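> Here the protein sequences line up with chains A and B, keeping their order. If you're matching positions, the first sequence starts at 0 in numbering that gives the first Met the number 0 and goes up one per residue. If you're matching positions, the second sequence starts at 0 in numbering that gives the first Met the number 0 and goes up one per residue.
Think of the hints as simulated: they come from the structure by calculation, not from any bench. Computed from a predicted model, the values in this text were never measured in an experiment. Be careful, since some hints might not be right.
[Said to hold, decoys possible] As a list, the in silico DSS-like pairs of lysine-lysine whose alpha-carbon atoms are at most 27 Å apart:
1) Lys7(A) - Lys421(B)
2) Lys68(B) - Lys114(B)
3) Lys68(B) - Lys421(B)
4) Lys397(B) - Lys8(A)
5) Lys397(B) - Lys378(B)
6) Lys129(B) - Lys397(B)
[To be verified] Computed from the model, here is a short list of chain B residues facing chain A with C-beta under 10 Å:
7) Tyr89
8) Gly113
9) Glu123
10) Gly126
11) Phe159
12) Gln160
13) Arg340
14) Leu458
Each residue gets a CB set at the ideal place from its N, CA and C atoms; glycine is no exception.
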Amino acid sequence: MAKAKSTKKPISIRYTCAPNGNQVGLSHYLMAEAKKK
Amino acid sequence: MAQAISTLWGPSQAQVNAGAGPHFDVLEVGHADYVALINADTAFWMLAPRAEALDYLLGPELPRAFREKEAQLTADLNTVRFGLLPSAVYFNPTERCNLDCGYCYLPREARRNGKDMEPARLLEALGRLKDYFVGLLPAGARPQLVFHGSEPLLAREAVFQGIEQYAGYFRFGVQTNATLLDRESLDFLRAQGCGIGISLDGPTAEIANRTRRTWGGSGVFNQVSRALVDLADYPGLNVISTVTRENVAALSELVELLHRQGVANALLNPVRGTQAGGRALMPDQSELAHYFFAALDRAHELYEKTGRQLVIGNFANLLLGLVAPGARRLMCDISPCGGGRCFFAVGAGGEVAPCSEFLGLSEFHGGSLFETPVAELLKSQPFARVTGRVVEDLEPCKTCAVRHFCGAPCPAEVYASNGTLKAPAPYCDFYAAQARYAFQVIARGRLDAYLWDGWRDGLQEIAVM
Numbered sequence: 000m001a002k003a004k005s006t007k008k009p010i011s012i013r014y015t016c017a018p019n020g021n022q023v024g025l026s027h028y029l030m031a032e033a034k035k036k
Numbered sequence: 000m001a002q003a004i005s006t007l008w009g010p011s012q013a014q015v016n017a018g019a020g021p022h023f024d025v026l027e028v029g030h031a032d033y034v035a036l037i038n039a040d041t042a043f044w045m046l047a048p049r050a051e052a053l054d055y056l057l058g059p060e061l062p063r064a065f066r067e068k069e070a071q072l073t074a075d076l077n078t079v080r081f082g083l084l085p086s087a088v089y090f091n092p093t094e095r096c097n098l099d100c101g102y103c104y105l106p107r108e109a110r111r112n113g114k115d116m117e118p119a120r121l122l123e124a125l126g127r128l129k130d131y132f133v134g135l136l137p138a139g140a141r142p143q144l145v146f147h148g149s150e151p152l153l154a155r156e157a158v159f160q161g162i163e164q165y166a167g168y169f170r171f172g173v174q175t176n177a178t179l180l181d182r183e184s185l186d187f188l189r190a191q192g193c194g195i196g197i198s199l200d201g202p203t204a205e206i207a208n209r210t211r212r213t214w215g216g217s218g219v220f221n222q223v224s225r226a227l228v229d230l231a232d233y234p235g236l237n238v239i240s241t242v243t244r245e246n247v248a249a250l251s252e253l254v255e256l257l258h259r260q261g262v263a264n265a266l267l268n269p270v271r272g273t274q275a276g277g278r279a280l281m282p283d284q285s286e287l288a289h290y291f292f293a294a295l296d297r298a299h300e301l302y303e304k305t306g307r308q309l310v311i312g313n314f315a316n317l318l319l320g321l322v323a324p325g326a327r328r329l330m331c332d333i334s335p336c337g338g339g340r341c342f343f344a345v346g347a348g349g350e351v352a353p354c355s356e357f358l359g360l361s362e363f364h365g366g367s368l369f370e371t372p373v374a375e376l377l378k379s380q381p382f383a384r385v386t387g388r389v390v391e392d393l394e395p396c397k398t399c400a401v402r403h404f405c406g407a408p409c410p411a412e413v414y415a416s417n418g419t420l421k422a423p424a425p426y427c428d429f430y431a432a433q434a435r436y437a438f439q440v441i442a443r444g445r446l447d448a449y450l451w452d453g454w455r456d457g458l459q460e461i462a463v464m
């Protein structure tokens, strides 16, 4: 007997970005952006 | 007529999970409808409908689509792991602290009686760091410099002179216990646009004061609460909570407090076992997973209810590790970790280590900022030990499906706990559970609710499936 097709669609998400020297890469601190007054 | 393509390997015409063909692990993610199929080497994954997972593995579509993008996926991950330039510094302007938190990663004697860096010396240090980065990074890049501790505001004069003189170049941050954040300091840091991180470990004085106390034993919850009120509307604010066995059960209440105060960014960092005090306070991994995920659930409920987001940064970073590895903001959950390659740490005596976590482990100091060029320090043998630590060399990481969503952190606590860098993460089970929880978030269509606004800005999609 043929199997019924799931109503769920597969999910796959992947983005890439070019490192530019302004990437944020720390360990135990999160640099939240604030503008200088 | 000869066959063009062998049918030896079935209809997919690709040797899935055999020979040189692509390998896909199947991971139970705890979702009713989905399982994850993962090519661990490239950090590629797809969530397949549970009933069709085998069809995807044995059919032609997945291996064919994967093969088409495999080189791009590999290059993307290799850039994150091996191709980034240093762009940030943790800078400890003093060894001293006015608190005696039980889990600090810095040795107790230094925190009590250690040295400060004089203002002139600090300015010289920032000058040396600027010269290094100007020669390294593209024009216009602004590296980050985070004054960290111990308590950096005990060296306020030097710190503020440095910020004033170099504000046009570095993006500055200050991580503080908030007890010395008087009006003058707040006004200065806000006017300079500095990031401000404050430490708070619990939703009530009774809980927070268990771990964060003065040398005389008094808790500082009330002082931190006042600072939180003063900073609630400041976009550069983030709150760091160190998760220990003392506060792990109260993480959801802590999330409620932070959300109520208007905090938009927080880290819930499981305590590192780099020093004995930290090891003694590490929570049980099952309890940590239970309460940490409950706190994430609570943050999402509050977002749904109010439309206002509290991003839990360390979990958001793991999500980014899944969907956009190169857009990570924190570098603990990838191997090699960011220590010594994306950032490094400078101690109050000018000593340079791969990360603040290593400042208390002198065998990992690369040398002095004042005596050796930074580029040479970063190539030193102690740094190479850390930057050469990859999950492919570790058991059981080398066969783990989520090895590039975990990274087996942290080398400092691994070394301090085991006497070797070649051991898995002390929180191995928790990190695996966290990856499964992250896949659940994606399966539920909640990715954006857990990430920062605009996280896709500047990114390009690699459409595999």
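> Confirm or reject each hint.
To see whether the hints hold, each was checked on the structure:
1. Lys7(A) - Lys421(B): 41 Å, violated
2. Lys68(B) - Lys114(B): 53 Å, violated
3. Lys68(B) - Lys421(B): The hint is violated at about 32 Å.
4. Lys397(B) - Lys8(A): Cα-Cα ~31 Å, so violated.
5. Lys397(B) - Lys378(B): 26 Å, holds
6. Lys129(B) - Lys397(B): Not satisfied, since the Cα-Cα distance of roughly 38 Å exceeds 27 Å.
7. Tyr89: Cβ of Tyr89(B) sits 7 Å from chain A, so the hint holds.
8. Gly113: 20 Å, violated
9. Glu123: 24 Å, violated
10. Gly126: With Cβ-Cβ at 19 Å, over 10 Å, it is violated.
11. Phe159: Status violated, d = 15 Å.
12. Gln160: Since the shortest Cβ distance to chain A is 17 Å, the answer is violated.
13. Arg340: 9 Å, holds
14. Leu458: Nearest chain A Cβ about 4 Å off; hint holds.
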